[in-house]
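Asks: Protein chains in written order, with my numbering: chain C, 1 to 502; chain U, 1 to 224.
Worth flagging that the hints you see were computed from the coordinates, not collected in a lab. A couple of the hints might just be wrong.
Stated by the list, open to error - Among the chain C residues that face chain U by a calculated CB cut under 8 Å, a handful are:
hint, residue
1, Leu399
2, Asn401
3, Ala405
4, Gly407
5, Met408
6, Gln412
7, Pro420
8, Val493
9, His497
10, Met498
To be verified - Some chain U residues flagged as far from chain C (calculated, every beta-carbon gap over 12 Å):
hint, residue
11, Thr5
12, Gly23
13, Ala98
14, Lys108
15, Asn118
16, Ser162
C-beta atoms are modelled at their ideal positions from N, C-alpha and C, and glycine is treated no differently.
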Amino acid sequence: MTSIKQIFLAMVSVFVLFINLANAADDKIIIGSKMQNESYILAEIMAQLLESHHYNIERKYGFGGTFLIYNALISNEIDIYPEYTGTISEVILRDITIDKSDLSIEDYHAALAPKGLKIFNPFGFNNSYAIALKKTLSDEQNIRNISHLKFHPDLLVSFSHEFLNRSDGWLQLKNAYGLDFSPPGIQHGLAYKAIEEGAINITDAYSTDGDLERYGLILLKDDLDFFPKYYGVPLSRMNFPKRAAQILEQLENLIDDQKMRQLNAKVIIDQQTFAAVANEFLKQNKLISDDLMFVQQTMFDRLVKNTITHIKLTLTALGLGCFIGLILAFLIFRSARISRSVIYATGLMQTIPSIALLALMIPLFGIGEIPAITALFLYSLLPILRSAVTALSTIDPILSNVSKAIGMTKFQQLRYVLFPLALPNILAGIKTAAVICIGTATLAAFIGAGGLGEPIVTGLALNDTSLILQGAIPAACLAIIVELLFELLEKYVIPEHMRANV
Amino acid sequence: MKDITLNIAVNETTALVGESGSGKTTLLQIANGLVRPSSGWVELFGTKIDYGQLASLRKKMGYAVQGVGLFPHMTVYENITIMATLDGWEKDKIATRANYVIDLVDLKKNLLTRYPLNLSGGQQQRVSLCRAMMLNPPLLLLDEPFSALDPITKGYIHDQFSKLQKAERRSILLVTHDMEEAIKLADNIVILKNGQIIQQGKTDHIVNHPMNDYVKNLLIKVTS
Chain C
1 MTSIKQIFLA
11 MVSVFVLFIN
21 LANAADDKII
31 IGSKMQNESY
41 ILAEIMAQLL
51 ESHHYNIERK
61 YGFGGTFLIY
71 NALISNEIDI
81 YPEYTGTISE
91 VILRDITIDK
101 SDLSIEDYHA
111 ALAPKGLKIF
121 NPFGFNNSYA
131 IALKKTLSDE
141 QNIRNISHLK
151 FHPDLLVSFS
161 HEFLNRSDGW
171 LQLKNAYGLD
181 FSPPGIQHGL
191 AYKAIEEGAI
201 NITDAYSTDG
211 DLERYGLILL
221 KDDLDFFPKY
231 YGVPLSRMNF
241 PKRAAQILEQ
251 LENLIDDQKM
261 RQLNAKVIID
271 QQTFAAVANE
281 FLKQNKLISD
291 DLMFVQQTMF
301 DRLVKNTITH
311 IKLTLTALGL
321 GCFIGLILAF
331 LIFRSARISR
341 SVIYATGLMQ
351 TIPSIALLAL
361 MIPLFGIGEI
371 PAITALFLYS
381 LLPILRSAVT
391 ALSTIDPILS
401 NVSKAIGMTK
411 FQQLRYVLFP
421 LALPNILAGI
431 KTAAVICIGT
441 ATLAAFIGAG
451 GLGEPIVTGL
461 ALNDTSLILQ
471 GAIPAACLAI
481 IVELLFELLE
491 KYVIPEHMRA
501 NV
Chain U
1 MKDITLNIAV
11 NETTALVGES
21 GSGKTTLLQI
31 ANGLVRPSSG
41 WVELFGTKID
51 YGQLASLRKK
61 MGYAVQGVGL
71 FPHMTVYENI
81 TIMATLDGWE
91 KDKIATRANY
101 VIDLVDLKKN
111 LLTRYPLNLS
121 GGQQQRVSLC
131 RAMMLNPPLL
141 LLDEPFSALD
151 PITKGYIHDQ
161 FSKLQKAERR
171 SILLVTHDME
181 EAIKLADNIV
191 ILKNGQIIQQ
201 GKTDHIVNHP
211 MNDYVKNLLI
221 KVTS
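If we strip away everything but chain C, and leave its shape as in the complex, we get (with noise of 0.2 Å):
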């Protein structure tokens, strides 16, 4: 089992490697970014600040979640990225037993050594979470502090699902400040909404949320130090180059909640790029010269780069897929027992949703092409096989006789008659398996493979239609373009009258 993953890895590989080998760069950086505003935000001020500098970067942002953003960096896939003091204690160093109460910056250096990784020094801003309420009513009522809430059990309160549910929410907040509510849940982004029509008084945020100005909302003070901090700092392996590490550095202190909450707003109420919101304030920040021309990457820039990194990924996995389905169809289609055995098996891994098998690669294989490519190979192989074995398996007995009593060699046989004669049939199997590629491979994009999943993965986080749009549709219609080319070749190797439609 394990010599065949061995193969099998080494086969993507190299098809990877040779890909690769052109836009192989010595001193690049590469920078990620979670499936977040706020990181995508910071993972561009990062990348224009370095290549301010004349740095080459690669951007590979929308990672998923912080299980494979990690991964990512200690694979070498990613050099750098935004991370969250918080998350880093409590998901990173989940193994490590030490009081995780009131970690220093030291603390944290120690503990992440270990693991080859360091933090650089915050951003300052505390992203954590916090109590919302509408400025007036903390006017009015003069509630400023958490601790102030005891005092009127009157206000109407509802907190998100998550809030409610966690170990660091609810359900300890109350017993820390000895609130005496019964909140039900909302989803968090009614919320607001909801304050708005005075549904509802008071709510979870997070305390650099984008949206708290555009309702006129503020947060009250965690008089009691009860939430656990989230500053934001960039996360590194330890080999991050030490010039730009300096270069980094600048960045120390210079965005506090408040500027982190308008940057956020720039993106969300404003529409602006993150390219854009990052540029006016490295500018404003004279971190980077006014006159500097700012390159923004074109949305046509943009898609070529994808859509030539989903067809990467579609054909690597098709190639493999062909080959190792046909082979395999040609070996067991004798025997109509392992070939229900076998097709059968394949089946199972197509009912696994795409998501979940992407996400059970990550273990085998790490993130980013290989595993995104080998979950894509495992789901051409079942069209690929099933219409093959089909296919060689319904030939004319007749014909197959023939092919033998007058004279052919077996290779021969396989060659000159099976083949041609299953051709139709292998091809619709074929052109099936790229279709589902095609699609599939947009999920990709959750586990760092990038391709026409970026858009959509980016317009999911940012409740962006056009963003998505912009992955969706190229992918339709490389989907469209592929079923157009399959057609064509059928007509230019299947004689009209064994055409599968005929």
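Given chain C, put chain U in place with the hints provided.
Replies: Just chain U, lined up with the frame of chain C:
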């Protein structure tokens, strides 16, 4: 099948006659190795079959089958010449030999670039014979090659078959359920029933001296 001992006369046509299920097709397939006998052996061209060398042995045995068995993805010409091509014959040699067998069966040249699907049953059968004869094999194995044809076409092809056998004498093993066909085409007849040989001998001898009622019955159907 059991207790079968059968000698095929060189350069003569031997017909295996019997009802369906009598074992005649199985016997033919034993001859070219498609079926391996559970006991006993087959000698071809003076030596026992080497089942590891079937492919090269089979090139010495032309094969045409009921339902024709032409490859639908190849043109008529490709069907006829495929084995010669695979054997690495030169183009000129292929063309010369192909033209010769095509003329023998009176196949029209304009059909050569068509696919078998676009040919009539009689035309397909002729292509099948051409393919069987292409490598000029000393032995031809024919499994009900004419059974699907209408009576007029069948009569015409029968005449061509006889003409062919006169032109290029070779050993032919012909499986048929049609006694009339056997009498018309074969020098020797072997009558099979339930996997056993009932009677074998020269055609004249069988016609004149049927061994039992079963053979008589077969003959009566022909004369009536």
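Asks: For every hint, state whether the structure bears it out.
Replies: Do the hints match the structure? See the list:
1. Contact between C:Leu399 and chain U, as hinted, is supported at the beta carbon level, the nearest pair being about 6 Å apart and thus within 8 Å.
2. The restraint placing C:Asn401 at the interface with chain U holds, with a minimum CB-CB distance near 6 Å, inside the 8 Å limit.
3. Against a cut-off of 8 Å between C-beta atoms, the interface hint on C:Ala405 holds, since the closest Cβ of chain U lies about 4 Å away.
4. With 8 Å as the threshold, the beta carbon of C:Gly407 comes within range of chain U, its nearest partner Cβ sitting at about 4 Å, so the hint holds.
5. Interface hint status for C:Met408: upheld, as the beta-carbon distance to the closest one in chain U is roughly 7 Å, under 8 Å.
6. Annotation: C:Gln412 was flagged as interfacial toward chain U, and the flag holds, the nearest CB pair being 6 Å apart, inside 8 Å.
7. With its C-beta approaching chain U no nearer than about 5 Å, C:Pro420 sits inside the 8 Å limit, and its interface hint holds.
8. Among the interface hints, the one on C:Val493 is violated; its C-beta lies about 10 Å from the nearest C-beta in chain U, farther than the 8 Å criterion.
9. For C:His497, the shortest C-beta to C-beta distance to chain U is roughly 5 Å, which falls under 8 Å, so the interface hint holds.
10. With a cut of 8 Å, the hint placing C:Met498 at the interface with chain U holds, because the nearest CB-to-CB distance is about 6 Å.
11. Against chain C, the non-interface label of U:Thr5 holds: every CB pair exceeds 12 Å, the least being about 23 Å.
12. The beta carbon of U:Gly23 is kept farther than 12 Å from every beta carbon of chain C, the shortest such distance being approximately 17 Å.
13. No Cβ of chain C comes within 12 Å of the Cβ of U:Ala98; the nearest lies about 15 Å off, and the non-interface call holds.
14. The claim that U:Lys108 lies off the interface holds: its Cβ sits roughly 20 Å from the closest Cβ of chain C, which is beyond the 12 Å cut-off.
15. Residue-level check failed: U:Asn118 sits 8 Å from the nearest beta carbon of chain C, not beyond 12 Å.
16. With a least CB separation of 24 Å from chain C, U:Ser162 remains clear of the 12 Å interface cut-off, as annotated.
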